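Peer 1: These are the residues of each chain, in order.
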Amino acid sequence: MITQWFFTHVDRRGGVAIALLVAIAFLVPLSNLLLPESSPLHIPTYLVSLIGKYLTYALLAVALDLVWGFCGILSLGHGAFFALGGYAMGMYLMRQIGPRGVYADPVLPDFMVFLNWKELPWFWYGFDNFWFAALMVVLVPGVLAFGFGWLAFRSRVTGVYLSIITQALTYALLLAFFRNDMGFGGNNGLTDFKDILGFNVQAGSTRSILFAATALFLALAVFVSSFIIRSKLGKVLVGVRDAENRMRFLGYRVDRYKLFVWTISAMMAGIAGALYVPQVGIINPSEFEPANSIEAVIWVAVGGRGTIVGPIIGAVLVNFGKTYFTAAFPEIWLFALGALFIVVTLFLPKGILGLYGSWRTRLADRAAQKRDSTSQSPVANENVQLTEPQAAE
Amino acid sequence: MKAQDTLLYLDGVSVSFDGFRAINNLSLVLQAGEMRAIIGPNGAGKTTMMDIITGKTRPDCGEVNFNGEVDLTKHDEAEIALLGIGRKFQKPTVFESHTVEDNLVLALSGPRSAFSALFHRQSANEAERIEDILYTIRLNGKRDWLAANLSHGQKQWLEIGMLLAQDPKLLLVDEPVAGMTDAETAETAKLLREIAKTRSVLVVEHDMHFVRELDVKVTCLHEGSVLAEGSLDFVSNDQRVIEVYLGR
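Protein chains in written order, with full-length UniProt numbering: chain B, 1 to 393; chain F, 1 to 248.
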């Protein structure tokens with residue numbers, strides 16, 4: 001029953017991705033914690049955190065694909081929601097330091113003592129509680145996205161204009177968070193974390209748990225995205241992407257549909273940021289850099305826009321490349337990234353997953369031709385991800 | 001004539017864009033159940049008139065009434081669509097990356113809120129209506145085709161099918177036979193006459209042959225207002241209509 005319910009909402013590709021993510025959520029920590037270091041299958045802790053970081057990027061990419069790939073909203077500011085989720089988690093981690101900071105103040109984080117602040121600002125209240133912080137991780141990006149989307153979508157700001165104001169949004173937040181008197185640690189951001197839920201953030205076991213949590217949240221995001229896209233709401237979103245005005249004349253309130261998916265996407269990005277911060281050990285205003293948001297767009301494009309699973313592949317591959325190139329040939333990384341974007345735009349308009357899809361269609365066509373050279377398939381199946389028969393609905 | 005007796009009532013409507021009067025003191029009355037053909041040269045304001053009725057353009061002045069009581073100038077596109085006014089565009093606009101069936105599913109009348117769409121499950125009644133429409137628009141063999149792969153004429157029919165699915169009281173149809181073959185044109189005229197049995201239809205068309213086939217009252221627009229109105233023979237014998245539109 002449950003499997004049947006599952007497969008009415010997720011296609012085969014999504015199901016495979018979810019199964020793989022759940023598998024690595026268990027296998028990677030087990031390998032790290034149980035196998036001896038000499039074993040060839042042992043995954044060292046630094047690698048667990050590194051892949052964990054990539055998976056948080058992948059979660060951001062899935063969130064971006066939901067709005068860009070399926071609803072045509074090209075956000076160049078999704079890094080802002082990611083960073084806000086990260087800051088919410090960072091504030092919790094700061095409060096956990098307690099008297100172990102350099103200045104040993106039981107309540108105030110070090111940077112506030114340094115700035116001569118006497119008491120905790122009101123917006124830091126409650127962040128000593130993990131569940132309050134966890135709520136803020138989704139609520140703060142969600143509320144910001146809702147307010148922003150409410151204004152932008154109701155005024156029918158679309159296309160490149162919307163992209164530009166999302167870019168402006170993240171840039172404005174970058175400037176704001178750089179200021180010391182904002183109360184978020186200014187230029188240095190939040191760091192020197194000690195504990196999360198009572199466990200040492202540096203410990204291998206904590207890192208493994210954080211990795212597992214990231215993989216599971218990513219699997220959940222794939223499920224939620226698939227659920228949305230395969231529902232009638234998903235069809236409306238694709239309709240908005242392809243012919244927004246037509247959708248209006250059918251009686252749909254386009255702005256509300258956009259607002260819904262935009263807010264959900266921002267919350268996903270917030271969760272990604274919150275998982276990112278304990279694994280890398282720092283959050284600072286540079287996460288609001290417009291360039292970060294643009295990089296996220298590249299991950300989605302490389303992996304395959306509008307495919308849900310593609311952006312995961314894109315985010316992981318591009319970041320592996322980044323890690324390798326910035327260590328081996330630091331001066332050519334940006335050229336490589338630029339070249340990658342050009343190659344994808346020119347030769348792989350549907351990304352890696354699209355390439356795989358068209359390769360499979362070609363094989364199937366060839367097989368069909370062999371079987372019967374006169375008949376031909378009526379459905380030229382280019383948009384594989386949208387046209388699978390949905391008999392179960 | 002009073003607004004209450006009619007389905008669509010336009011009175012003294014004007015709108016201008018950058019000083020150009022696209023619609024100039026236009027008045028038009030459409031009875032419930034009536035089919036009307038609108039003709040007129042390019043730039044006569046035919047499409048702008050449809051924009052005003054469907055809420056895409058706000059008139060500068062004048063009265064636009066639907067169903068006797070609703071002031072259409074106070075509603076947006078989505079609300080007007082829900083009131084029961086469907087529109088077919090000049091260029092066929094179907095959702096190309098959806099299948100023929102999904103195009104109809106999206107158009108099918110019913111709740112339009114995001115939340116209901118998220119948890120929507122197709123009922124037997126809805127499936128039956130889609131089946132009927134697929135049959136009416138002669139696309140029942142192509143329900144799983146991507147709309148992008150349909151021919152031009154089939155796209156036009158799919159769009160008419162989507163209008164039927166919306167179940168409107170008033171249909172606005174902009175150049176339904178542009179680019180169609182003669183056989184398709186005749187078929188479309190038949191389809192529209194069938195539709196007009198149960199609802200009001202406003203057709204904009206250049207193809208005089210097609211208008212003759214519809215056999216309904218004709219309104220000729222020119223420079224944003226009504227030039228002549230009546231049977232096709234009456235209108236096409238009007239000296240001014242011949243001068244500005246039909247050609248000497």
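These are computed hints drawn from the structure, not numbers from a lab.
Hints are supplied without guarantee of correctness; some may be wrong.
[Said to hold, decoys possible] Using 25 Å as the maximum straight-line C-alpha spacing, the simulated DMTMM-like pairs for lysine to aspartate or glutamate come out as follows:
| hint | chain 1 | residue 1 | chain 2 | residue 2 |
| --- | --- | --- | --- | --- |
| 1 | B | LYS370 | F | GLU229 |
| 2 | F | LYS74 | B | ASP365 |
| 3 | F | LYS217 | F | GLU187 |
| 4 | F | LYS56 | B | ASP255 |
| 5 | F | LYS169 | B | GLU289 |
| 6 | F | LYS56 | B | ASP242 |
| 7 | F | LYS142 | B | ASP365 |
| 8 | F | LYS91 | B | GLU244 |
| 9 | F | LYS190 | F | GLU229 |
| 10 | F | LYS56 | F | ASP18 |
Note that the structure is predicted; figures quoted are calculated from it, not measured.
Peer 1: Each hint: holds or not?
Peer 2: Verification of the supplied hints:
no., hint, in the structure
1, B/LYS370 x F/GLU229, "violated (63 Å)"
2, F/LYS74 x B/ASP365, "violated (54 Å)"
3, F/LYS217 x F/GLU187, "holds (20 Å)"
4, F/LYS56 x B/ASP255, "holds (15 Å)"
5, F/LYS169 x B/GLU289, "violated (52 Å)"
6, F/LYS56 x B/ASP242, "holds (19 Å)"
7, F/LYS142 x B/ASP365, "holds (20 Å)"
8, F/LYS91 x B/GLU244, "holds (15 Å)"
9, F/LYS190 x F/GLU229, "holds (23 Å)"
10, F/LYS56 x F/ASP18, "holds (17 Å)"
Hints 1, 2 and 5, counting from the list given before, are not met by this structure.
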